Amino acid sequence: MTAEPQNMDVFLKGIWKENPVFVMALGMCPVLAVTNSVINALAMGLATTFVLVMSNISVSLIRKLIPKQVRIATYILIIATFVTVVEYLIQAISVEVHKALGAFISLIVVNCIILGRAEAFASKNGVFKSILDALGMGFGFTIAVLSLGVVREVLGSGTFAGFRVMPANFEPWVIMVLPGGAFFVLGGWLMLFAWLRERSVKRSEV
Amino acid sequence: MSVDSPGFIFISAALINNFVLSYFLGICPFLGVSGKIETASRMGMAVTFVMLVSSLCAFGINIALEAIGAPYLRLISYIVVIASSVQLVEMFIKKFSPALFRALGIFLPLITTNCSILGLALFQTSREYNLVQSIFFALGAGAGFSLALVLMAGIREELDLADTPSIVKGIAIVLLVGGILSMAFMGFAGLGGGS
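Protein chains in written order, with my numbering: chain A, 1 to 206; chain B, 1 to 195.
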């Protein structure tokens, strides 16, 4: 790695190499909780991305003004402010989605990914890089919640974003929309990635 | 038993709607600190205590915010209260049990970002619980969290000895076990009297 990472790398690492959910296992609560349908997952992913971008911008802008001792408290306040904005925004756009996500919109505040990026990246880098980092991490998160949401909705209710995709005589796997299914699907994805990684390591040895 | 009685709220929060296994709150410590029964049970106690304190504070704050007509400040004030009560617990544990302090490590300050605590405060507000109900709700949620954590720790201590395939090592196996635990807890649904 060079001392000055390329802009493109900053963006891409969040999506694959340092994917917040699949690789770093951060922010698991919303990933498991709101992924019982594609729409909910997408709304959650976008809301989190928005908060991530805004908080990274703010933290990056004022990073030289914050005394070291109170930085975490400052970050939390910044994040809580933007989450409040998002909550009212979602309520204004779609009451239905707001109801489905419930307390989990407010709980974006305690999503470790956002605080983690503020502390690990935005507090040390300029505004432009921080935006790229936030976008990369946000998309990585969105992809992760979507990959759970798609599997759970297609298998659990036989629909995709509300449209029926499975044949009419398909018996839905009810467990997939219940809490247990979330654990199984995420566990399954992690196993798949571990298998892929192991295979590529073996290939490079040969 | 009526749905609003303190006893029902306790059982509902601890078993039927277990915070970890059916609401997915507090998954990070559930995955992170569930390696040993000893640590898990103490983590459970610390979280329960923080829950109780922040539940009481949240109750007071909510009344104050309603009085001045500023509900949009709710989230910000809750998180500040939780952060301070975590700080309090941290100082307390550091003074009385340095060994436990070291064992909990980074997960102690991370209780602040434990969603189960903020989730508890938000749920109790949205369900409009009164003071007694809030206290039982906090105790139930804490008991449920500790129960899930200790159960998981017990299973993981056994798992360490088991011969698991290399691809499920680490978090994947914990998630699969968590899924099975969650299914087991679904069996408590009948206790709710069809609610």
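No wet-lab data here; the hints were simulated from the structure.
Some hints here could point you the wrong way.
Computed cross-link-like contacts, DSS-like style, restricted to lysine-lysine with a CA-CA straight-line distance of at most 25 Å [as the list claims (entries may be wrong)]:
#, chain 1, residue 1, chain 2, residue 2
1, A, K17, A, K68
2, B, K94, A, K68
3, A, K129, A, K17
4, A, K17, A, K64
5, B, K36, B, K169
6, B, K94, A, K17
7, A, K13, B, K169
8, B, K169, A, K202
9, A, K124, A, K64
10, A, K17, A, K202
11, B, K169, B, K94
Just so you know, these numbers come straight off a predicted model, no measurement behind them.
#### Entry: Hint check, failures only
1, 4, 6 and 11
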